[in-house]
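S.K.: Given next are the chains, with one letter for each unit.
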Amino acid sequence: MFLINCPFCGEREQSEFKAGGEAHIVRPKQPTELSDDEWAEYLFMRKNIKGIQFERWNHVHGCRKWFNMVRDTSNDQIKAVYKMGEKPPVK
Amino acid sequence: MTNNLRFKTSKFIDETYRVSFKFNNKTYFGFKGDTLASALLANGIHLVGRSFKYHRPRGIMTSGSEEPNAIIQLHDNSSRTEPNVRATEVEIYEGLVASSQNCWPSVNFDIGGINNLLSPILPAGFYYKTFMWPASFWEKYEYFIRKSAGLGKSPKVADPDIYEHKYIHCDVLVIGAGISGIMAAKMAAKNGFKTLLVDEKSYLGGSSIYDNSEFSKINNQLVSSWLEKEINEISKLENLEINTRTSVAAFHGYNFLLARENLTDHLPINQRENKVRQRLLKIRAKKVITATGSIERPLIFDNNDRPGIMLSSAIKKYIDLYGVACGENNILFTNNDTAYETAMSLIQRGIKINAIIDNREQIDSKISYEVEKNNIKIYKGYTVVDTYGYRRINKISIMKLSKDSQTVIGDKTKLNCDCLGISGGWTPAVHLFTQSGGKLKFREKDQVFIPNVYPSDQISIGSCNGDFGLEEIIKNTLSSIKKFLDIDNSEYKTVETISGLNQSKRNIWLLPSDKSIGKTKSFVDYQNDATAKDIKLALREGFRSIEHVKRYTTTGMGTDQGKLGNMHALGIISETAGTKMGEHGTTTFRPPYTPLTFGTIVGRNVGEFFDIFRRTPMHDWHVANNAEFENVGQWKRAWYYPKDNENMHQAVQRESKAARDSAGILDASTLGKIDIQGTDASEFLNRVYTNAWSKLAVGKCRYGLMLNEDGMVYDDGVTTRLGENHYIMTTTTGGAANVLGKLEDYLQTEWPELDVYLSSVTDHYATISVCGPNSKKIVSKVIPDLDFSDENFPHMSFKNAEIDNIKCRVMRISFTGEHSYEINIQANFGKSVWEKCMEAGKDFNITPYGTETMHLLRAEKGFIIVGQDTDATLTPIDLQMEWIVSKKKYDFIGKRSLYRSDTIREDRKQLVGLLTENPEEVLEEGAQIVADIKKSPIEMLGHVTSSYYSPNLKKSIALGVVKGGKNMLGQKLIIPMENKNINVTVADPVFFDKEGERLNAKL
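Residue numbers (numbering that gives the first Met the number 0), protein chains in the order written: chain A, 0 to 90; chain Z, 0 to 1002.
Treat the hints as calculated values from the structure; they're not laboratory data.
Accuracy of the hints is not assured; some may be wrong.
To be verified - Result set (BS3-like, lysine-lysine): computed pairs, CA atoms no more than 27 Å apart in a straight line:
#  : chain 1 : residue 1 : chain 2 : residue 2
1  : Z       : Lys-438   : A       : Lys-78
2  : A       : Lys-86    : Z       : Lys-741
3  : A       : Lys-64    : Z       : Lys-741
4  : A       : Lys-17    : Z       : Lys-285
5  : Z       : Lys-438   : A       : Lys-90
6  : Z       : Lys-474   : A       : Lys-78
7  : A       : Lys-78    : Z       : Lys-281
8  : Z       : Lys-21    : Z       : Lys-10
9  : Z       : Lys-474   : A       : Lys-17
10 : Z       : Lys-894   : A       : Lys-28
11 : A       : Lys-17    : Z       : Lys-741
12 : Z       : Lys-694   : A       : Lys-28
13 : A       : Lys-28    : Z       : Lys-776
14 : Z       : Lys-886   : A       : Lys-28
15 : Z       : Lys-21    : Z       : Lys-285
16 : A       : Lys-17    : Z       : Lys-888
17 : Z       : Lys-741   : A       : Lys-46
18 : Z       : Lys-741   : Z       : Lys-776
Isolated chain A, as found in the complex (with noise of 0.2 Å):
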C-alpha cells in the first residue's frame, strides 16, 4: 500500500485517496466539431505504459482534491506529485 505525498495534505495512506486514471488527457474544448474517431479517441483510448506513467488521484477521504503524480509501475515508485495545471517536474 502507497504512502502518497499529497500536495495539500502531506503524506498520507493510500486508503484515502482514489485513483483517477490517465493524466494530461484535456477534455476538448469543441467535441462537436470532432469526427468519430477523434472522440473515441478522447473517450476511450488510455495508455498503459510498464514504466513511468503519468496519473491523476484524488484525495478522497481527505482533501477531495486532485492532483497528478508520477509513477514507476513497473516497482510502484513514486516519482512526484504535482497539483493540476501545473507541469510534469519529471520527464
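Take the given structure of chain A and dock chain Z to it, following the hints.
M.R.: Coordinates of chain Z only, in the frame set by chain A:
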C-alpha cells in the same frame, strides 16, 4: 506410552506443569512448553495424518511453520474448530482436543489408502485428463471428487472469538528474533530508533537459543548463553517493543506489513473468555530488517515421506528445546554438516545413532571427526534408495552414488531405524522479501536464491540473506546494520566466533535410484503428493514455465505453500530441461506466509459492524411502526410497513392504493443533496445536465438527467434554484457520493475557471414527501402560514417556510405522478415534523409507504430508476427521453457521444413498457425477452427491468429494455421461464395518467 523418549532437562519445558490433551479421542500428557508435535513425539506418536491424494500415512516432519504433513483439526465439533492447523505450531494447553484429517475411519486404517495402490493410474493432471468427457457428466463426477478432496473441515457456526486490528508506526521493524534479529534490534533501539521486534515463536532467540554445541562459540561462550544475555539486555530497552507469537503474514510495498499476533491460543479454553484471540497488526515502518532465517531442505528419494522421516534440524530441536527424542534407533541422511550437529545432540543424550549416510565423498570438519570418534558409522558418498515400514519407518536401503551423481552403483545395504533425519542444506526464507517486490539472485556455489534488489528501505540479514556460518552471520549482520542505519558506535566492539562446521555441500536435487523413475515415489510436495515423477511428466507433456508446472502438478499449492520442496521442484525442472537454475526464477510467493483465519482478517468488522449503515432522522419511527428495511447503498430505507400479518405484496398494494386515493408519506431523506453556489452555477449546470438551466427562474425546480462522457445515463434528480447564484441538486440515493466526485473532478480539472462551490448536505436535511389528492390539505395544516394555492405555489416550484420557527424548504415536485410536496428541514427536526404530518393526515388515512411502493407508483408513470432500469449502457434516446436532451446547447457532458456511429444504431436496446396477456401474471425482474423460441440458439432481445402488479390499474405492468423496442409498439414478445412461456405485448412505458392531469388537478 514410552517414557524413555523424554529427557527432563530442558529449561524450556516446565516439568512441574503436566498438561493433558486428547488426540484422536485418546488422552495423552505433555508439559507446559510443549507443542502438540513435541508432546505427540514424546508419546511415541509419529503417524498424525494422511496425505491429500494417495492417503499415505504421514508423520511430523518439521518443528515449525513450514510443516507440510502434521496438519490437524483443532477443537473437534465446536464453533472454534479449525482445520489444517500445524501441530508443530500449537502450544499445548489443558483440555486441548485435536484429531487427524483426511482419513476414514481412522488415521491407522484409512479406506482412502487404496489411492496409493491406484497411484500408477493417478498421474499428474489425472483429474483434468479423466473427467473432461463427456462434459455433461461433470456434475456426477464432481459429487464424488468433492467428497474425497479437501483436508480438514471448516466450522459450521459463527466464530465465537474476538479479533481486532491495530495500527503500528515505527522507525525500524525487525522480523525474526534469531541471533541476527536480536543484534539488529539492539543496535537500532540503542541508537534512538523506535523499534519493533516480532517473532512467530513464543520465545526469543530462534534456533540459536538452544544451541549448546561445543563446536560453535561466541566470545568463548556457548551460543545459547551469549544470546540469553543479549535477550536479557534488549528486554530492558525503552525504545524497543517486542512481540512474540507474532507472525508476519504479508510484506507489501512502501514498508507496509501485516502481522498476526496470537494472544490466547496457548491458554486453556476457560481462560480465553472475553479476551481478544488474535490481533492483526498493520505496520508501517520507515525501515524494515528481515531476519527470517532459513528452512532446512529435505532430500528427494524414493518413499521419502514415511512417518519417522524428519528434517535433521527438527530432531535436534525436539531434543534440545523440548527434551524429546524422536526415535530410539536413528539414522541421519545428509549432504552437508548440519546433520552432524544433530548427531552431537543425540550423542550427548545417549540416543542411538545407527549410521550416518552422507552424499559427500570427502567430509572435512571438526564436528564430523568428533562424530566419527564416537564410533558412528558414516557411509560417505552414499544415498538412501528406498525406505520401508507402513505406519512408521523401520528400514532403509542405501547404495553408493556414482561420481556424476546420476546413478547408484554397487550393492544395496539395508539398515534398521525408527527415525530418519534428513538434511539437504538450507533455503533462505526469502518469502517476505519477494512479497515486498524484491528481486532474487541465484548463488551457484550452494544453489540458493538470495535477496538482490531491494524495492524499499529494507535489508535482509542472517541466513535469510544466505549467510549460514556463525562467523558470517555475525560479521555481516554487524556491517550491514551499521550501514543500513547509518550508525557509527556499534554495540558490538569485539565478537569472536568459532565454528566446527564446514559449509561444503553435495547438492543433488533428485537423488538417483536403482529403480526407474516411473516406479518411484519421491515426494517433492508432501502435502499435495506431488512427486519428482509428476514434475518430469509435466515437462514431457510440454510444460516449461515453472508457474505452469506448479499448477499442473500442484507442487507448492498446499497450505504450506511448498516451503520445503519448491526449490527441489525448480532444481528437477532445470536439470531435466537442461537449463540453468537461475533462469527460471521462482514461483511467486504470495501473502499470507502462513494461513490467516478469517476472523483475524475481518477483526471487529462483523455483525452490525460489517459495513457502515446510515439511518435517516426518522429511522426510529419506522422501526416503531413495523417497517421492513431495504439496503440502498449504505442506507437503511423503509421498504414497506406490513400491518396485521400482511406480506410484502399485500402491504405494497394497500400503500400504493392509499397514496393515489388519499395520501401517502415517504421518507426521502436518503436522496443525495448537493448545495451549489457561485456566479457560474447556472453555466455549470448547463454543462453537466442534458437540458438547459440558464432560464430557470429563482424559486423553480427542474428535473435533470446527467450523462457520462460516453453518453450513457449516469444519474438524475430535481435541482431547485434557491437564489440567483444558489442551487440545491438532488441525486439518486446510491449515486450521491459518485455524483459529487464527478462534479468536483470537472470543476477542478477541466473547468477551474468556473466560480462554483459544491458541498454535500445530504445528512443535513430530513426530507418528507407527502403525496396524493389530500396532500395539500395535510401540508397546509402543518405549515398554516404558507400560501399553498396553485397560483402562488404551482407544480415544480419551491417556497421558504417555517415550522415552529424552524426554517424549512418546501418543494412541490412529484415522483409518483400525484400532487405532492417535499418538506426539507434541518435533520434533527425530521422526526417531529414527520409526526406532525402523520397527525395532520390522520383524517385522510395518511399512509406511510416505503421504497417498494415508491417504485411501483413511479413505474405506473413510466419514470425510470437509474441503476434499475438503466445499467450504464443506455442513452437518453434509448430511454425514449429525447425531450430532455437540449438541441440548442453547444456542449454538455456526453453530448458528442449521442451521435457516435454506435449510439445512433436503431437496434440498440430501448426502454419499453410490457403488458402481459394474462393481466394477473407478474413478470420476474431480470427475465429474458425473446421473439422467437423456435430458433436455436434463441436470440435474446433484452430483459425485464421493473415489474409490479398495479392496484390502481388492476393489472400487471412492467418496464424492460428490448433491441429496437421503440418501433415495436403493440408487437407480441415472449418471456421464456423455467416452466412456461409468458406472452407479452410491447406498450408505452407510461401506464397511468398519461396526460399528467393529476399533477395539476385543482384540489
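S.K.: What hint numbers does the structure not satisfy?
M.R.: 6, 9, 13, 15, 16 and 18
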